[in-house]
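**Q** Between the sequences and the hints, there should be enough to build the whole structure, so can you do that?
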Amino acid sequence: MNRLLKNREFWLALAILAVIVLVTFRFPRFAQASNLLTIFNDTSILMMLALGQMVVILTRSIDLSMAANLALTGMLVAMVNAAFPWLPIPVLIAGCILVGGFLGAFNGVLVWKLGIPPIVVTLGTLTIFRGLVFVVSGGAWVNADQMSQDFIQLQRGAFLGLPILSWFAIVVAGLMSVLMTRTPLGRAFYAIGVNPTASVYTGIDVGRTKFLAFVLSGAISGLCGYLWISRYVIASVEVAGGYELTIVAACVIGGVSIAGGIGTVAGALLGAIFLGVVNNALPVIGVSPFWQMAISGAAILLAVVLNARGEKSKGRVILRSAEGVA
Amino acid sequence: MTETSLHRRLPDRLDNPLKSGLLSWEMLLVLVAVAIFVANSFASPYFLNAWSLSDLTFNFTEKALIALAMALLIIAGEIDLSVASIIALASTLMGLALQFGADTPVLVAIGVGVGIACGAFNGFLVTGLKLPSIVVTIGTMSLFRGIAFIILGDQSYKGYPASFAWFGQGYVWWVISFELVLFAIFAVIYWVLLHRTNFGRRVFAIGNNPVAAQFSGVRVDRIKFVLFCLTGLMSGVAAVLLTARLGSTRPSIAQGFELDAITMVVLGGVSILGGAGSILGVVLAALIIGLVTFGLGLLNVPGIVMSIFTGALLIVVIALPILWTMMRERRA
Chain A
10 MNRLLKNREF WLALAILAVI VLVTFRFPRF AQASNLLTIF NDTSILMMLA
60 LGQMVVILTR SIDLSMAANL ALTGMLVAMV NAAFPWLPIP VLIAGCILVG
110 GFLGAFNGVL VWKLGIPPIV VTLGTLTIFR GLVFVVSGGA WVNADQMSQD
160 FIQLQRGAFL GLPILSWFAI VVAGLMSVLM TRTPLGRAFY AIGVNPTASV
210 YTGIDVGRTK FLAFVLSGAI SGLCGYLWIS RYVIASVEVA GGYELTIVAA
260 CVIGGVSIAG GIGTVAGALL GAIFLGVVNN ALPVIGVSPF WQMAISGAAI
310 LLAVVLNARG EKSKGRVILR SAEGVA
Chain B
-3 MTETSLHRRL PDRLDNPLKS GLLSWEMLLV LVAVAIFVAN SFASPYFLNA
47 WSLSDLTFNF TEKALIALAM ALLIIAGEID LSVASIIALA STLMGLALQF
97 GADTPVLVAI GVGVGIACGA FNGFLVTGLK LPSIVVTIGT MSLFRGIAFI
147 ILGDQSYKGY PASFAWFGQG YVWWVISFEL VLFAIFAVIY WVLLHRTNFG
197 RRVFAIGNNP VAAQFSGVRV DRIKFVLFCL TGLMSGVAAV LLTARLGSTR
247 PSIAQGFELD AITMVVLGGV SILGGAGSIL GVVLAALIIG LVTFGLGLLN
297 VPGIVMSIFT GALLIVVIAL PILWTMMRER RA
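Sequence lines, in order, name chains A and B. Residues are numbered in the working numbering as their position in the first sequence, beginning at 1, plus a constant of 9. Position 201 (the second sequence) corresponds to 197 in the working numbering; numbering is contiguous.
Note that these hints are calculated values from the structure, not bench results. The structure presented is a predicted model; accordingly, all values stated were derived computationally and were not measured. Take the hints with a grain of salt, since some may be wrong.
To be verified - Pulled a few chain A residues facing chain B out of the computed Cβ check, cut under 7 Å:
1) I48
2) L123
3) I137
4) V257
5) I271
6) T273
7) A275
8) V293
9) V296
10) F299
What the hints assert, rightly or not - Simulated restraints, written as ranges between beta carbons of each label pair:
11) S152/B - I161/A: 45 to 51 Å
12) Q158/A - S248/B: 50 to 56 Å
13) N194/B - G212/A: 57 to 63 Å
In this text, a Cβ means the ideal position worked out from N, Cα and C, and glycines have one as well.
**A** Written out as structure tokens, the structure reads:
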């Protein structure tokens, strides 16, 4: 019981439940299973992106280029689909993951081989990728009528009562969960975040592990590029503009520490769901959607204040006399 | 856990690789600026003209004003991603005051005051509650602009008085705009502050080793708080200039300014890890970015494509010295 009370994910789940209950109080239909599943489906893309971002943040890095990566791969896949409608969708999805992973690898190489701080690298690639969307498309849009039916309908199909898009999120979450808790690589992501120096002594290649984290976040961005475009059936330069910070916000709310080494798959998922529930609840209770931004900002600040408290108890005091100084 | 954020590698030596080549770094920037200037004059017949060159300065003065304060903040090992949102909030509140009949002095006071207040809020969260600045300012970035959206929605404020518009559109003498003069004055002030005062030395000390600085009697938290307030102040000033220049306020104003300002700072040779940098470098970097965007603009290159150049410039300029050092070490 005590362990449960100290569990960040538990409190976050409780907060989400509280929002749902409060809204349901006034609008009983909000808590209907179908509506909750809709929210889940709406949040699927953010959940996957948050998982990718989490891995990067765990290694004491940050990937600000995810949304731009998504926009670029999304535009490319939409153009390929418009030009060659006969190409099967699974091939396109594999292509997206490859292209996204390649863009992520570009970030990763700069961080790994040149040692440039990740925030600088991804700040640069954020503008480069976004600019490339314009270059490849010539500023034109790819509209719904240019996309093939398979391209649009795949994620809308249902399997066991859930839309395929939701299944994408579930499968990615499952794979990530296994990766993070059951494989040496997953543990290495945590290790280099907690203590990079000690990780070197245990035989972990810190640079290479960071590189792989960026490849992973890039590959997920690429996958989401296809999902985003086929969901909103329009590919343009502005796709997912400013979304990079929403992804970071989901992680921070989910208890992923920006200092690295702390964070769980469940936490990142719940962080994304929290944002999804709030955004879905606002119009229901009659609050203008213009409140969304301020509310998520306040949620980030609140979450980071709470996280900082949780983390403080974790540090072991080695030299007690030095503790009071700072 | 000390007030230093753990995600940052603390430089444990004073001889930063950049520092020894600091002089040559600025030399490099000057050469790049001259090269772009010459390329521009060849590329477009409209470039070498007093009025064109004057227009060029409007490209970067507002962002560069923020970059001056941001440079100090980054040297001290912190960062502020909320500057563009501070502009949005300050501009919105100025517009709101305008609806109640505020005149120019009041509008300016509100713009600058809101900027300082927002900066103080960031500073309090970072130094008072010991939170990492990157997360705090990602949060306030949404919060400040979010408040602007709550107030304005999809509307806009217009009808600023002519005396107010002068701040963004007026000329002090011939082609020398008020914005440019203001930027020059602030550049000198920040140069003196960073390179010629105790305060500046302390900023460097904090960036190099906050714990050691604390032990040497530097009030680390207080100085960081002041730096956040300064960044807020400059954002407020930029809000006045930008609002006056555009003559209208929308909540989406100044979107992406934070990235441009940080690009200027980093391009100017300020170490993103803190502890090294110069105001001269930042001013040169601002000039370079202004030259690049204006030159490409004359060639009818769309703004979004220009961003590829700024992004690539940022990475290449940082990567080159690192590659150079690596090659030299390999040869040795």
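**Q** Give me the numbers of the hints this structure contradicts, sorted from smallest to largest.
**A** The structure breaks hints 1, 5, 6, 7, 8, 9, 11, 12 and 13; every other hint is satisfied.
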